[in-house]
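Number of protein chains: 2
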Amino acid sequence: MQAHIITIGDEILIGQVIDTNSAWMAQQLNKIGVSVGQITSITDSPEHLVDVLTKSLKTYPITLITGGLGPTNDDRTKQTLAKYFNSELVLHQPTLNQIKKLLNARNLPLNNNNLSQAMQPEKATILNNTMGTAPGMKFETDGKVVFSMPGVPFEMKYLMSEYIIPELSEKYKLSPIINRTILTHGEAEAVLAEKLQTWESQLPNYISLAYLPSPNMVRLRLSAPGNASTNIANEIEAAITKLYSIIPDIIYGEEEETMQNIVGKFCFDNNFTISTAESCTGGSIASIITSIPGASNYFLGSIVAYSNNVKVNLLKVSPETLQNKGAVSEEVVKQMVIGACNATNSDFAIATSGIAGPDGGTDEKPVGTTWIAVGNKLSQEAQCFCFGSNRERNIIRASASALNMMRIFIKKAIENNK
Amino acid sequence: MQAHIITIGDEILIGQVIDTNSAWMAQQLNKIGVSVGQITSITDSPEHLVDVLTKSLKTYPITLITGGLGPTNDDRTKQTLAKYFNSELVLHQPTLNQIKKLLNARNLPLNNNNLSQAMQPEKATILNNTMGTAPGMKFETDGKVVFSMPGVPFEMKYLMSEYIIPELSEKYKLSPIINRTILTHGEAEAVLAEKLQTWESQLPNYISLAYLPSPNMVRLRLSAPGNASTNIANEIEAAITKLYSIIPDIIYGEEEETMQNIVGKFCFDNNFTISTAESCTGGSIASIITSIPGASNYFLGSIVAYSNNVKVNLLKVSPETLQNKGAVSEEVVKQMVIGACNATNSDFAIATSGIAGPDGGTDEKPVGTTWIAVGNKLSQEAQCFCFGSNRERNIIRASASALNMMRIFIKKAIENNK
Chain G
82 MQAHIITIGD EILIGQVIDT NSAWMAQQLN KIGVSVGQIT SITDSPEHLV DVLTKSLKTY
142 PITLITGGLG PTNDDRTKQT LAKYFNSELV LHQPTLNQIK KLLNARNLPL NNNNLSQAMQ
202 PEKATILNNT MGTAPGMKFE TDGKVVFSMP GVPFEMKYLM SEYIIPELSE KYKLSPIINR
262 TILTHGEAEA VLAEKLQTWE SQLPNYISLA YLPSPNMVRL RLSAPGNAST NIANEIEAAI
322 TKLYSIIPDI IYGEEEETMQ NIVGKFCFDN NFTISTAESC TGGSIASIIT SIPGASNYFL
382 GSIVAYSNNV KVNLLKVSPE TLQNKGAVSE EVVKQMVIGA CNATNSDFAI ATSGIAGPDG
442 GTDEKPVGTT WIAVGNKLSQ EAQCFCFGSN RERNIIRASA SALNMMRIFI KKAIENNK
Chain W
82 MQAHIITIGD EILIGQVIDT NSAWMAQQLN KIGVSVGQIT SITDSPEHLV DVLTKSLKTY
142 PITLITGGLG PTNDDRTKQT LAKYFNSELV LHQPTLNQIK KLLNARNLPL NNNNLSQAMQ
202 PEKATILNNT MGTAPGMKFE TDGKVVFSMP GVPFEMKYLM SEYIIPELSE KYKLSPIINR
262 TILTHGEAEA VLAEKLQTWE SQLPNYISLA YLPSPNMVRL RLSAPGNAST NIANEIEAAI
322 TKLYSIIPDI IYGEEEETMQ NIVGKFCFDN NFTISTAESC TGGSIASIIT SIPGASNYFL
382 GSIVAYSNNV KVNLLKVSPE TLQNKGAVSE EVVKQMVIGA CNATNSDFAI ATSGIAGPDG
442 GTDEKPVGTT WIAVGNKLSQ EAQCFCFGSN RERNIIRASA SALNMMRIFI KKAIENNK
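Chains as they are written, first to last, in our numbering: chain G, 82 to 499; chain W, 82 to 499.
Derived from the structure by calculation, the hints contain no laboratory data. A portion of the hints provided could be inaccurate.
Heads up, the list lumps identical chains together, so a pair's fine if it works in one copy or across two of them.
[Said to hold, decoys possible] With a straight-line Cα cutoff of 30 Å, these simulated DSSO-like cross-link-like pairs (lysine-lysine) come out:
no.	residue 1	residue 2
1	Lys-323	Lys-112
2	Lys-164	Lys-252
3	Lys-136	Lys-164
4	Lys-164	Lys-139
5	Lys-182	Lys-446
6	Lys-225	Lys-136
Please build the complete structure, drawing on both the sequences and the hints.
Here it is as structure tokens:
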């Protein structure tokens, strides 16, 4: 069962507003077994809507429209749909009552704009919107259904949750889709694809696989029609189990997990504390860790040591090491780990030192060269990475790699303690 | 001149990824006089692309496609476009060289997936992508132009800025639109709109004004058809001059400027150094400052003092003050400024301490309460803010407010030195 989402409004087409509604709607629809076949953002023009809607009704059993229901002149969705479905606009008393109620609460008088908002197409089923002045509408034609909603996110979400999702799942008795996402870090998409070639070729043909790369990870998504109680769920589970056996070190989590959540949970559950000593990442790792609510339970602090003086004074890095090995070196990041543990009194620490760019590279250490160490006062593990020439990406990738190294180090510490 | 943006990828249609590319692309296109007529997000299916592209070529002179250029089996845009435009895939040596270069930098071997990425449609003009392994492509047919780019945002941005925007503005000799953006911080949209009511009503009718609010600022965009040499440019300039006289304290910059750029430039030009002492912002301010290339010229470091021990040991905050006034207090943030200046030996410092949430609030200091101080060893200015209940937004708003306070403090210091 496929749906088409049509979003109406010039603000999306001029780039003023990012369309976040569609992603939310797609997630909700997927849960009840409706997949989204297309999302189309169009102008406020009635002709444009008629054109796209005509095509949608030929292809999709379900069309969901958002936007263009406001009280001003540039909002013409209701008029256009009424005409399209040969429907007169008539006064809809429950909508007028709702508008009056909202205006009363704000001590505002009823004006002509409001009155025209209470006029609704007679052939539509009106979906009462307690969150705003414009109700939703449902039209049915030749077994196809078209819903229209305001584009204001919380009004759209109300109408979706209250009417549309329950109605669709009742009407179509849909078979849901299982989506499982496995998170990997440390291998490029192409390398991963090669490692997983045989495994992928052995997947049953009703399980589809997608590689979703981003700068610091590749997500693997397995999808199939079915629900948690069917055999397909077991098949997907078996495929994932096999996947873990092929790339155990590369998988760091599943679904919506993040490195910072996983590291945070390890620390919280084991009463560990952590800190960071950051040079090239400039506080980025600390800010990622502290983006998690409750981070103050295990994160003690960070020393962002951008200048060598700060490395020496606060992290007690040896000036001789800095002189002989350079700030971007294994020895320095290991000393930074010890220094951060001592300065903040934390159990573990992460340290980074690299050339983020665009300047500062040398032949021996080009832009992107980054040393990362993790560990505690007694033991540190360090690794050198060669990222690229883009400063922003180097910081993102260094932060993710450092968090991943910390994750692995703490995981081992927990296992060794058992 | 109208363009159609087609984004390819199941991840958008299942709601896993929000399409932020299209808004950015629309903004860039608008600047050169190209409006976006439609944005269509489609599946990875070749038939779907063929269907939408065929319709696009009937309506739009420009079609911009993103996504589906990865090395894995679910990425089929290149193959589909090659077939659509009756074009063989042939080895494109510059692309192969670029892939080898990227792999070499990461010490990775060349595999079959990479090799197939170097095969490109012979009839396409290949747009070299120094940011990744998949180049862009340009096809021309019947006076229409079709561009295809990777969906990875910074790769798309590179190809747009480097090739597509310059080519489109050259090819179509478009009548440009003047866009001027004034950046404000510190007033909500509704309050600002009220203050600017008279000014707005006096704008010539060919100058349009848009309020573009985001969590930490409101941008005011003035647009009119014309170019820098016309009288309209002067009229816009006059309106902006008047705007400065109405809200001098609220405007912090123009166009693409950022607080961190402005603070960085002040420091660089005057040989000042800065540091931060962050509690609730958790390293976010340091990471914003160090996102700017060359920040190491003026940014010395940061102490992220999440625990009170770190505040006492590294920032020399008085334990009595912490005890009597609490960590979230004027006295503590002022001491943190002095502590950061001493610990890093910087001229100026920024300090934050607040309750980011969602927990930790009290009746007296609810979630969102944030003390911020800026200054030097001799003099500090502090301010208390009441942000909201959302942790992420509180951190963003505290960081922006802190940078703005630092901007104003340093600006005054420069003026007093003159």
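Lys-164 and Lys-139: within-copy, between-copy, both or neither at 30 Å Cα: So Lys-164 and Lys-139 pass the 30 Å test inside a copy (18 Å) and across (26 Å) alike.
Should Lys-225 paired with Lys-136 be assigned to within, between, both, or neither, using CA atoms and 30 Å as the limit? Both ways: Lys-225 and Lys-136 sit 12 Å apart in one copy and 23 Å across, limit 30 Å.
Homo-oligomer pair classification [Lys-446, Lys-182; C-alpha up to 30 Å]: Answer is between; shortest inter-copy Cα gap is 16 Å, intra-copy 55 Å.
As a check of your reading, is Lys-323 near Lys-112 (CA-CA no more than 30 Å) within one copy, between copies, both or neither? within (24 Å within a copy, 51 Å between copies)
First find the shortest C-alpha distance between Lys-164 and Lys-252 inside one copy, then the shortest across copies, and answer within, between, both or neither for a cut-off of 30 Å. Answer is within; shortest intra-copy Cα gap is 26 Å, inter-copy 40 Å.
One pair to classify: Lys-136 and Lys-164, alpha carbons no more than 30 Å apart. Within, between, both, or neither? Answer is both: 17 Å inside a copy and 25 Å across each meet the 30 Å cutoff.
Checked against the numbered hints above, the structure breaks none of them.
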